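Q: Top to bottom, those sequences are chains A and B.
FYI, in numbering that gives the first Met the number 0 the residues of the first sequence are 0 to 141.
FYI, in numbering that gives the first Met the number 0 the residues of the second sequence are 0 to 586.
It should be emphasised that the hints constitute simulated quantities derived from the structure, not laboratory data.
All values reported here derive from a predicted model rather than from experimental measurement.
Hints may be right or wrong, so weigh each one.
[What the hints assert, rightly or not] Straight-line distance between alpha carbons at most 30 Å, and here's what the computed DSS-like set of lysine-lysine pairs gives: (1) Lys-409(B) <-> Lys-90(A); (2) Lys-86(B) <-> Lys-583(B); (3) Lys-31(A) <-> Lys-62(B); (4) Lys-96(A) <-> Lys-55(B).
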Amino acid sequence: MNAAPLDQFIALSAVLTGFAASDIGDPLDPDKLASLYFGVLTKDIDAGPILAAFAEAQGDSAGNAAALVDAVAARICKDATLGPLARSIMKLWYLGKWQDAFVSEAAYLRALAWPAMDAKAIGDSGFVNQNWKDAPAAAKTP
Amino acid sequence: MSAAAAPSQPSYDVAIVGSGIVGSILAFKLAQAGKRVLIIEAGVDARNGTRAFLSKYRLAAIKDPESPYPDDNVNARRPMTHVDTVKLRQTDTYWYQTGPQPFSSCYERMAGGTTWHWLGLYPRMLPADFTLRSSYGVGLDWPIGYADLEPFYRESEQLLAVAGDVAIQDYGGLWFAPGYQYPMAAVPPSYSDQRMQARLAGLQIFGQPVKLTSTPAARTTQFFEGRRACQGNTSCIPICPIQAKYDATIHLEKATQLGAALWTQTVVDRVLIDDAGRVSGLSYLKYARPDVPGASDRGIVTAKVYILAAHAIETPKILLNSRTPALPGGVANRSDQVGRNLMDHPFPIAWGLMPEPLYQMRGPRMTSGIETLRDGPFRKERAAFRVDIGNEGWTWANDDPDTSVNDLLKQGLFGAQFRQRLHDIGTRSLRIGYLIEQLPVATNRVTLSPYADRLGIPQPQIAYDLDDYCKQGFVAAAEATKRLFTRMGVEDRSGLFYAKGGDPGTFRIDDKDPWYQFFGAGHIVGTCRMGTDPQTSVVDPYCRSHDHENLFLCGTGTMVTVGTTNPTNTGVAIALRAFDSILKSAS
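Next comes chain B alone, as it looks inside the complex:
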């Protein structure tokens, strides 16, 4: 291939940028419909990598989300947990963060995308999440409602063979089509969940009953298409050793078997627009080796329809980098909203010791959550949240078993006494966390940094902060933690989110103690939001660019608000709702 002029006849019906969950599912459905599909992936083809990744993970001293995956790709770097997500104004990072708070989530750039390291939870948003402005006077309403998306939530859950139970999701006005059942039986709540629930029975917080319920998950609970049922490896983040947790290589594989072409190690740097305002091609750079900097080839690929499904940070990066004299703000950016309204779920955690053994570290990383605090009139005043109940003991929260082992060694313990103390801590340890809602804010924003990657493409720049509405959610979460811990008799070991000032991701309210600390949830949302008004939104409710008729932006970037829900199901459902429009445009 060369940089020669694009051929007059498009090579493909549809070119999709990104082989993550949204790109791979759309590629599968388009290939099924007989379309000529090309999937372009910036990273390496990792489809057969599980065994090697698992070894790398097990040997990693720090078992963070990227730890199993290749570190040597200098041409398509991805953000790293202990570097990019905590450092402000540092140039050794992949992205450049201007703050004032660090954006603390990360993603993968490789075939299959971030579903390699996701947790696999697959809940739906609540009806009120789509009407925040009209229901509570905050944020924005979506141009579509829960009812518009409900059939596509179903399709999304069927495609992933999601395990869940309709009957227990009787909160927050959530509803399902009559007779609907999830493809698989729900993931059984852990012994720990059950013991916690037994102690919480009858408790109300903020006027809502507190109940742990099994969270819908893209995790097999029975043998399915060659995949074993989940066996409780507890490493869902960052890698399922047996692919019981769905990852997008499943649909990527199905798409390529149906004839879709996959180009890996190919980074799209620009979307090209012709005089009529249509996309005329994608400019790309290929690299021969991930560990040798620089492009080995460059070119332009053409299709009838183009889909960017490269996540809510890489997609706006490509659009902004596509600026021309005619489009000085970049492609699809008449509204100046591309890259804005970046959202996540700031995630504070608390941990402690239960008065009785919980025997965690045997099931999936999370089996149950508390869903009843996700909606209510309080949303006029402060952020709602979903409570995430860990099954991983203190392995994440306290870097156990290392920290507890070292603490006990410092106490001079050894032998049976040491073993007894470690047993006592390890069997009683628990961790809870809060997915705190964040409203769309124009200044929380992805732009282009002054720094280029090894292919010469500008690296992303991120400005991020938490607003007062979100911070008040932390105050409520701290209150909820006190109520939960007191009721269960939990001995708090975390200081209830209260951190030392100056640590990354910490803040006070009105300059008064305590300090609150948050982590990222990996729920990257909002930078290409949908709407009916081309002046205030990037895509229409079917993910089509307001500005360029043959360009679709698909994924969680199109979400108007983030609610309190792990967003993948919603991102996929939105893309499935766009499918007919994409298909029609490609015909």
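Bound conformation, chain A alone:
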């Protein structure tokens, strides 16, 4: 059961960010960002209530992805207490920031804002030429 809260955090993060759990989950991530972010979050905050609300949203939606989004909106994003926490989780993923500071160098470099904009972090190329004269090969609307 120990892994379950992290898995639930990843599942919730996927709904909040619009990126697939398989794109943000830990197993093949050398920076272990999901574990890092869950650790940062739970160091300051009791994640129990938001994960419980997410479990209820999962129950409401019975495996239907669109219904899950609606349930997360109703139970979490529009909730006066859980809504701000959900937005903090989105900032963790999209900016790599917790309380306005970057969690780590990797958190900045791998912030989801960059792939969401079909870009890469300013100050990084991954030692791969960015071939800026053409549209990015990966350019696609999500």
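Please build the complex by placing chain B on the supplied structure of chain A, with the hints as guidance.
A: Just chain B, lined up with the frame of chain A:
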């Protein structure tokens, strides 16, 4: 070392103050010629710092030009973007600004100088930039013309292995020696540049065709001397992670390998003049640790020839601080022009959303500019400008991705909808800016402030304003922006430079709205200008002080006017033109 009297035999042939691009290149060439060279640098030896600086930059909440570099040097402070460049009459700043406008540019004090954080663009000035007075009746003519400098522009571009294309620079009367080619192929224009150009095809503004062309850049486009080709990290300002962007540590390293001595953490406070009017030595203070205030040692170093290459603010500061009863205005200052005529390119920006994706944030920070508006008969009436086309999306202009992410969160968006909206903004965002020409004005001036740094050296004081000629350039730039944005179908998000009154760096014309806002371009120029008349200029056309035969002042400070061009190539070319005179004096 001690403060003992200077030895009778000079220790060095040439002592150079400043290890930035001009000091390091001159040191390299002098060492190559077999001269005994000393380079004195106020800041720390940063030559192997790139990896640590890169981490500091990535973790910095505000990614301004100084963000990668050490903050803890209390003995050789440097101006800071959000402090010194915006605050007037505040004593917590490095320099003291009396206004009325803030001088908004900054520089580094460390080995390699400000090339650590420069953009790396390397264009030439236009022929007419040297003849503003005779061509347009404004400003001043230089004592030299484009033709005098052209061979040294070439040498400068060869030394830095500049990437550029002669054939596309067919504007403003610019010319090159027959058969000349840049050392490297031009930086390819970004996809964004190409999409903008496609929409701008056929447009004329102020009677000139509008065309985006690749800007010459000191940026590798092929593997060169151990440096990879540029990979588009997009952080040229403030740090290139792979040194594809040239920085002066390259020539500093070459100079020291040839035997030049480098003293870092050594601040020159005074130039000493003997009874014959020659420089007899440089007074300096050394500090053992950057984070512990105060000097650990002081002394005097001697050479046959002395070069100040400490940028257009620190160089006049040293000269003015060298005043004596015999030279009450300071060293090299018979003309009273030392520190005067401070210029920059006031830089207004506009940003918006293109109707189609541009996919920025993948190439160098800037690949193309619009060069055709840099010269014309309009210069009788108002400032010209060079148009700078960003590749960094809204990361600088709007502090993105943070601002857009926070805006979308405030709208209550999440999930796929949020991601889609961020994609829509991020792929379509663009920013343009204008390097607006500024004329030499005597009251735009570096002097000594009443405040001393931790070594007891007076900190600079700056008085700065924009004149009407320059402000009329903003009016034209606003008009150009409207034409460009309308033609491209860009949805403006910036208010076209129109700022709230009272913000730093804002003004109105004749007390009428709108407010215009400008930033600094980091192009610090003009405080030791060259000329043939010792009554109106500081150095001769070979950078030699009119007053002191063995003193040379090299760098962008010697420029008579700033034109519309990023000035580094010109500053280096002027110094290269002085090289033979320096060498002869040192022999």
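Q: For Lys-409(B) and Lys-90(A), compute the direct alpha-carbon distance and say whether it is at most 30 Å.
A: 12 Å, holds
Q: Is it true that the CA of Lys-96(A) sits at most 30 Å from the CA of Lys-55(B)?
A: The hint holds at about 15 Å.
Q: Given the hinted pair Lys-31(A) and Lys-62(B), is their Cα-Cα distance within 30 Å?
A: Cα-Cα ~25 Å, so holds.
Q: Taking only the CA atoms, is the gap from Lys-86(B) to Lys-583(B) under or equal to 30 Å?
A: 45 Å, violated
Checked against the numbered hints above, the structure violates only hint 2.
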